[in-house]
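With chain A fixed as given, assemble chain B onto it according to the hints.
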Amino acid sequence: MHQDPTSAPSPVALAVPSVEQAVRRALADHGRLTVDASDVASIADLYAHGLTSHATVNVMLAIENDLDVEFPDAVLHRATFATIESITAAAEAAA
Amino acid sequence: MTAPVLVGGSSTATGPSPVAATASDVGATSTPATDRFGARAALVAEVAARHADEVDRDARPPREAIAAMKEHGLLAAAVPVALGGEGAALSELATVATTLGKACAATAMVFAMHHGQAMALWRHGGVGLGVTAMTEAVLRGALVASSTTEKGIGGDARRSTCAVEVTEAGRIHLHKDAPVISYATEADAVFVTARRDPGAAPSDQRLVICLPEDTTLTQTSTWDTLGLRGTCSNGWVLDAETHEDRVLRDDYATISAQTVLPVSHVLWAAVWTGIAAGAADRARQAVRRQARAAVGTTPPGALRLAELLVDLQSLADAVRHAAGRFDAVADDPAVLGSTSYALAANALKVNASERVVDIVTKAMRIIGIAGFAASGPMSVARHLRDAHGAAVMVSNDRLLQNDAALALMSGAIL
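Keeping their order, the protein sequence lines are chains A and B. 1 is the number of the first residue of the first sequence in the working numbering; add one for each residue after it. 1 is the number of the first residue of the second sequence in the working numbering; add one for each residue after it.
Next up, chain B with everything else stripped away, as it sits in the complex:
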């Protein structure tokens, strides 16, 4: 599955979408003029928006938007320039995630989860052939899924039961009972955590690249959830026979602390900001409609809308700041591995996941009945259901439990 990938250039061939056409102007809601991914993100968002309701209703993968992400190079965006990619910073990825999140949260979560894993390739993978070949595949548009949690572990991604077993010279076997693997059927690879070897401690993990041709997936449960339905995070038993050069160089403790965790938390929060912004847009539309009916008098909803925008701006600022903080220390393992950095990354996740529900709820109240409706152009039902996924996927309580220990050692980054 290698769609043509646009590298380095802007996608003028297909022409700018009406949304993106003048978005670099001075309007308050426009994107920065230097946004090199803005036009492409808008094109993908358009595709994603068109199918969002169906993806949600049928709990099916956002295939059209995934194809569009491949076509426009969004899945390859972060591959370093030295490796032939565009070297997108996390700040840039976060902006894309928000744009996509406004259109279709499932699509945006696929984008976010992909990057949380893919970036581990060049940051922690080493130079083994199996790893560099995967980087090249990502450059061509490959989509990466992940299997970190495991049945019997209880959602802790930092412990595994399954282990990398050497079967013969250079060949390894992996068997994992995964309660969820998001968009497994659409992925060009699944990155799987496992203990280093059958004798290793549960926390002594490695990350293994499992390609479809080396992997058998047997579905064990169906993702039929309140929201984020299109991520299709079904349960699977995964059996892989692969080569040891598909194991990333660094141990997963390092990969998680320095890349997967900080990148995922920023990009997820960016997605949720998009969900919130999508609902806020509908609220603004509703208030504008009221205002039109009596031009010159400010409708009561406008005050609530102004209040809502304070919340949304503060959420967006928190995400942008966290993304910038990562970019500033991205190559500094000491900072990334520090207690205060881990606390800050968790704080963003906990904060943003609570905030998005609050903002969408307020938007619904501003819109009124049309917002409360289960469907229709002003409905925020999907937004609200998706928003609730934020606090559940990687439970906030689990993060706070981890924080509780760390908090004794370190304070906030001021």
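So that you can see chain A by itself, here it is in the shape it has in the complex:
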């Protein structure tokens, strides 16, 4: 789970989106980031790039909807949504 082969994503694979793609798409649609969610580093601090706790709710909902998963209560805290990597890990764990 540490090094997922996400380096070569097929463009706009709507049918089976990779988890990280779904996370980036949710951030693009609902994260209100000051940077482009599609190419921000996966370990970059999203809060430093404009993410707010209010926006994380919609990001969470969008990921849940996209991947048909549900984040458990235990992971719903600020640190989980700090980076694309940590959101992705939480979403994969929830699947």
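Simulated from the structure, these hints should not be mistaken for lab results. Cβ coordinates follow ideal geometry from the N, Cα and C atoms, glycine included. You may find that some hints are simply not true.
Partner residues are not named here, just some residues of chain B that face chain A (Cβ under 7 angstroms, in silico) [claimed, not checked]:
1. Val127
2. Ala291
3. Arg292
4. Gly296
Structure of chain B alone, referenced to chain A:
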């Protein structure tokens, strides 16, 4: 029935459950990091949740969860450190009761009723062999049931018809027609109230430890109720031949005022908080589902959910505060015996029992049809039926009737 008991340590051997794994983090719904029973309570709750619907449907005891409580030392939790136990405070027990209540109200009520009685052992029992042996049994995981009410008395636990009768030197006999004894078939002992002797006044009571090998139980009625079905509070005629050193030292008036009543009311209210929280969780799940369908717009149910959480938080705070108040004065008989303390203990019971029905009802409306359904993952039917038990078991009207007299003497604790 002595399952291995975990004393003092955390239950890492079996590994943390997914629920408990990160629960000590900073999330709003997590338990405090200092919660030494949290992981174990979560493990038992998992077992209880798995069987909750069946326990409810068949009105059978939550045997698997009772075994898990024994295994993880939850029934022994309150035994004082000086006696080899973990010395859990009432605040800690209340947190466990809520965790269990979320999963299975019957299991949680067994936990609550057990502690209401078991704590009398070391707080009021004295040093008689029969009493200290029972404390040791509790330390090893024994489950304590109770028989306080009696046919012909009308639900008043503070009066008895039956009496402790001395048959020969040191031997006593007890015969009681009990309208309910919860989980009698699962218990390792039943604590029974009776008049001190055949000539004593109805209110001059003692508490007697009756072990299964000394006791014959004849079932007189079957517990087939709307809710709390798994407590199996059947009617029994109890006949016990035992030894006088199985009688607790203090009179039951003292035991009731200083331990059974305040402990039970806090732990019951903690259980009901768990029922309410379980229903609220389902409501949140439902609203989240709606929110997912149109991300960015807050669904109408979210406002009702926020309102529901105000009620739930206020209930939880009331329970925690009452538990803390008991812990602060647990060794102060003057405070525990005061009128204002009795009023406060009753107030928690009356308040929490009304509130839980209200919260579960609101949760059902938020969820909608799936919540109204009699079964299914979003149904709160069991929660609602269990919640209604709260105001009935020890009738609120009886408590208020008692309060009515006390209220002339004393006000609320502010």
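- Query: Which of the numbered hints above does this structure break?
  - Reply: Checked against the structure, the only hint that fails is number 1, while the rest are satisfied.
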